[in-house]
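*Asks:* Protein chains in written order, with our numbering: chain B, 7 to 109; chain U, 205 to 688.
One or more of the hints may lead you astray.
Stated by the list, open to error - Label-pair ranges, simulated between beta-carbon atoms:
#	chain 1	residue 1	chain 2	residue 2	range
1	U	Thr360	B	Ser79	53 to 63 Å
2	U	Asn229	B	Glu87	49 to 59 Å
3	B	Met7	U	Leu637	28 to 38 Å
4	U	Thr360	B	Gly78	49 to 59 Å
5	U	Ile218	B	Ala44	49 to 59 Å
6	U	Leu637	B	Gln14	18 to 28 Å
7	B	Ala44	U	Arg651	55 to 65 Å
8	U	Ser326	B	Gln14	49 to 59 Å
9	U	Glu467	B	Gln77	53 to 63 Å
10	B	Met7	U	Asp648	33 to 43 Å
11	B	Lys12	U	Ser326	51 to 61 Å
No wet-lab data here; the hints were simulated from the structure.
Even for Gly, the Cβ is constructed at its ideal location relative to N, Cα and C.
Residue-level listing of the chains:
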Amino acid sequence: MMNIIKKQSDDRLTIALEGRLDISTAPDLEQVVVGSLAGVADLVFDLEKLSYISSAGLRVLLLAQKKMNKQGSMKVIHVNEIIMEVFVNMGFSDIMTIEQEQI
Amino acid sequence: MSVSDRLFLEILFIGVILTTVMFVNNIFLYKQKIRDLISLMLISDIVTCTLEILWAIIDGHSELTILSYVCVSLYCISFVVFAALLNQYLLDRLHLRVAKKSFIICYVLPLAMIALLCITTSWTQLLFWVDEGGVTHTEVFFDIFFQGVIYLYIFTPLIIAIYFLTLGKAKRPANAEIPASLFVFGIMAPALYLLELLLHGEGMDVYENTSLPIALALLYLITNVSTHNALDTQAKMEAVESDLRIASKIQADALPTVAPEFENHPQINLRASMNTAKEVGGDFYDYFPIDDHRVCFLIADVSGKGTPAALFMMTAKTMIKDYATTQDSTSEIFNAVNVRLCENNEAGMFATAWIGILDTRTMTLQYTNAGHNYPVFMRAGQPCEMIRNVHGLFLGGMEFTQYRQAEIQLEPGDRLLLYTDGVVEAHDRNDELYGDDRLKGMVDATRDLPGEQVLERVFNDVGDFATGVPQFDDITMVVLTIQQ
Numbered sequence: 007m008m009n010i011i012k013k014q015s016d017d018r019l020t021i022a023l024e025g026r027l028d029i030s031t032a033p034d035l036e037q038v039v040v041g042s043l044a045g046v047a048d049l050v051f052d053l054e055k056l057s058y059i060s061s062a063g064l065r066v067l068l069l070a071q072k073k074m075n076k077q078g079s080m081k082v083i084h085v086n087e088i089i090m091e092v093f094v095n096m097g098f099s100d101i102m103t104i105e106q107e108q109i
Numbered sequence: 205m206s207v208s209d210r211l212f213l214e215i216l217f218i219g220v221i222l223t224t225v226m227f228v229n230n231i232f233l234y235k236q237k238i239r240d241l242i243s244l245m246l247i248s249d250i251v252t253c254t255l256e257i258l259w260a261i262i263d264g265h266s267e268l269t270i271l272s273y274v275c276v277s278l279y280c281i282s283f284v285v286f287a288a289l290l291n292q293y294l295l296d297r298l299h300l301r302v303a304k305k306s307f308i309i310c311y312v313l314p315l316a317m318i319a320l321l322c323i324t325t326s327w328t329q330l331l332f333w334v335d336e337g338g339v340t341h342t343e344v345f346f347d348i349f350f351q352g353v354i355y356l357y358i359f360t361p362l363i364i365a366i367y368f369l370t371l372g373k374a375k376r377p378a379n380a381e382i383p384a385s386l387f388v389f390g391i392m393a394p395a396l397y398l399l400e401l402l403l404h405g406e407g408m409d410v411y412e413n414t415s416l417p418i419a420l421a422l423l424y425l426i427t428n429v430s431t432h433n434a435l436d437t438q439a440k441m442e443a444v445e446s447d448l449r450i451a452s453k454i455q456a457d458a459l460p461t462v463a464p465e466f467e468n469h470p471q472i473n474l475r476a477s478m479n480t481a482k483e484v485g486g487d488f489y490d491y492f493p494i495d496d497h498r499v500c501f502l503i504a505d506v507s508g509k510g511t512p513a514a515l516f517m518m519t520a521k522t523m524i525k526d527y528a529t530t531q532d533s534t535s536e537i538f539n540a541v542n543v544r545l546c547e548n549n550e551a552g553m554f555a556t557a558w559i560g561i562l563d564t565r566t567m568t569l570q571y572t573n574a575g576h577n578y579p580v581f582m583r584a585g586q587p588c589e590m591i592r593n594v595h596g597l598f599l600g601g602m603e604f605t606q607y608r609q610a611e612i613q614l615e616p617g618d619r620l621l622l623y624t625d626g627v628v629e630a631h632d633r634n635d636e637l638y639g640d641d642r643l644k645g646m647v648d649a650t651r652d653l654p655g656e657q658v659l660e661r662v663f664n665d666v667g668d669f670a671t672g673v674p675q676f677d678d679i680t681m682v683v684l685t686i687q688q
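Chain U extracted, bound-state conformation:
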């Protein structure tokens, strides 16, 4: 084997190794899937290079003529597949799409014709042929059609990239870096090819060794584009995070924070607290006077987390407050709110909620529970109990839900604790739930303390219980105390 032959093989090997490394990188480092365009493209390039090596090794062995035909045919087909995938990848980077109708003409037809030429070439000798000595000779269709198709695939996106960089500045994609990378890639491949020819000198013209230049140029292109995309993703992530922080802030600001001292209702004491988990959650509470003898208070928990939950929460909160002033009872408030929340609720969001209206003249509490956790009720001087009733499905579930309501007569010293499932469904390391009983126990134990301290003690107790387990859900509570 001559020096130039060995050099040629070595170059091919480097090409294969480079492409394989790129492939592995893309799968593991950039988390691409096998079926992604870039992975398919690299696989087809690895196959092409490997076949090229095989071709170089068996060339000139007269006993391997049939293998030569098979190998070169497969080489031609896989090279066209690679070029087509590269073409798609590049166009995709430029946010361009080939219309479905043109797809057959642009990709399927050339590939079919190459395949047909490969199958028939042993008779027609149009593409290539193998002589008695086992040496492969390429023919006119190889030079014009096969290579032509490949050049077309590779250079069309490059010309478009150059267009984007120069004339089409106004129309080019938001990012100039990708066309620029493509442009460098376009110069790099032919330049490396020329360099390779210079290094080889004469006598190498039998082979069309394009794999190394393409591999090197691909390396440049893919690293550049992937890194660029990774940076892009990072920037987006940061933007989303800051959005979430703002959403979280807006949400917190939307809830009443100042302990309300209802001037007209000195006998009621209302306190609330909300401790959000990591993400923006969908818990909310509210309290406000409806008129000079009625006070409304409520708690709710929106399904899901994140911005959709926060938006749904804001909508629900506003609606409840609106309807609280126009509807006569808690059930009617929820009937109206529910119908509105069901409109255009494609995402299927919903909220469990508990609403109460206290008439301070009679001290009658009217309430409706829409699928929410049972409140803890403490009658002065008696053990705590849960108010175990539900008056309909959660809000935003079914349009035609008719909510019911109930009433309870309050006395001085009574206390009512509303909470969300972040309290009772907090779990410890052994997956034990905090549960209703422990909550009732805490309310019992704090019966002589003012409302704000009850909230603090319960929250701390939940924290103690779930030591070592990150807070999973928002923990929100509202406590109503009737002053002695």
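Here chain B stands alone, though its shape is the one from the complex:
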């Protein structure tokens, strides 16, 4: 299960993810990424309530990053320790702006 909560103000879009981003929920996020990035210059993924991310989920984040490379900037915020480890392990920290959770 995963909830996708979108908040848009002007050209800034914040997508908050809650739950598990895995092979079964990644397609939902992909639809959002494909469908709602038109005109967005500043994309923020809020992962505060994300408990798990699988490679299918990383693929969608990468897709979003590729799109935003062409039209603006993207950052991932409130990343918890477990997910941060996945990001570092997979080499994501090289290509994305990642802000860790403030404790």
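With chain B fixed as given, assemble chain U onto it according to the hints.
*Replies:* Showing chain U alone in chain B's frame:
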């Protein structure tokens, strides 16, 4: 109520029940959705038949004149809707499409005209009218226009079906059974209608009872076509399964199976194993000598499963081997491979990979980790540790990734275990992960055993750990041992 009237109503009831059963069957047995053409068609037929029953019941009741107008009007409209949907369904079976431009003329316009006639008929009496006794009389537009439209809808596909069966053999769809079913359907409906008229005898000519013949013929048609499609799907599934088996075989054959004894490098011992989960996966490993003093070995895990992953894996494996002979370092190999894998990668596939090149003269191991699991390293006589570094994003992710590399000096007795996440992410019934620590423990415990036994012991331990949980991911391992 006369006998023939009762008979008429009973026949209508049977029609409704038959169509309802078909509808339920199609939803539950053949897993059609409500919005599918076939479901909409059956719904409209059920509505039409029900209205026809209502019409028959209220006919002749002078106090229900207004209801008669409403009922017959709705009947006309729903019948046209049904016929139009049937027409679309039949054309669809024959793989024919009505052009968008003609759609309005073919479907929207006739329906609008019928609706207009229905609304105005109480004044114009063009379609039908209800007399003082409450009896409905159909008029010229009912016989010519309303029925004409319906016959046109139903018979056009039938004529096309006959054409496919006879003259157009070369052009007909791959399957002769569907046109044949349509053809039988075409004969069945009028034949049953005639039979019904014979059974009724005289006095029934007021009603146009077409619902039962249509219901019976529909039953034949839909059962035939649906069963045929189901069989077709089954055949396709079997074909896909056999394709997958072949893909799996090709994939397994592509990996080196014979334990390599590098003639020029007697001090290295390399062993590998791969146990695939149910589907074709995307794990792979490889090892080969680059020249007389360098040996390359690698492991990788492609995202996703099935044929796309297998194809991506084959491409990646071939590229890595190609570039390993032309590029000077592990980072440059991955730089080159990554750029190529990013080209035309619309599907967004990627692979995590770990590559090492061991120079057997100096025993220096140069390596690059592209987002892959940290290998377990065992220094002779010391506890195991993970080589915790990453030198860039997985392969096929970002075109401009510049990979880095690192080096490690190996000594006799050292051991390095590469593996995919099928090992550490295997979980038990309580969803606990196998994890790095347990893996390190196993490598520690097997430090005096030869490489192939290490692989076997680790694999068995993962199996023991995940008892009762089906293997979810491929389990692939490569172990390098420097001989004493």
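*Asks:* Evaluate each hint against the coordinates.
*Replies:* Cross-check of the supplied hints:
1. U:Thr360 <-> B:Ser79: 53 to 63 Å: holds (58 Å)
2. U:Asn229 <-> B:Glu87: 49 to 59 Å: holds (54 Å)
3. B:Met7 <-> U:Leu637: 28 to 38 Å: At 20 Å between Cβs, range violated.
4. U:Thr360 <-> B:Gly78: 49 to 59 Å: holds (54 Å)
5. U:Ile218 <-> B:Ala44: 49 to 59 Å: holds (55 Å)
6. U:Leu637 <-> B:Gln14: 18 to 28 Å: Violated - the Cβ-Cβ distance for Leu637 of chain U and Gln14 of chain B, about 37 Å, lies outside 18 to 28 Å.
7. B:Ala44 <-> U:Arg651: 55 to 65 Å: For Ala44 of chain B and Arg651 of chain U the Cβ distance comes to about 58 Å; the hint holds.
8. U:Ser326 <-> B:Gln14: 49 to 59 Å: holds (53 Å)
9. U:Glu467 <-> B:Gln77: 53 to 63 Å: holds (56 Å)
10. B:Met7 <-> U:Asp648: 33 to 43 Å: holds (39 Å)
11. B:Lys12 <-> U:Ser326: 51 to 61 Å: holds (53 Å)
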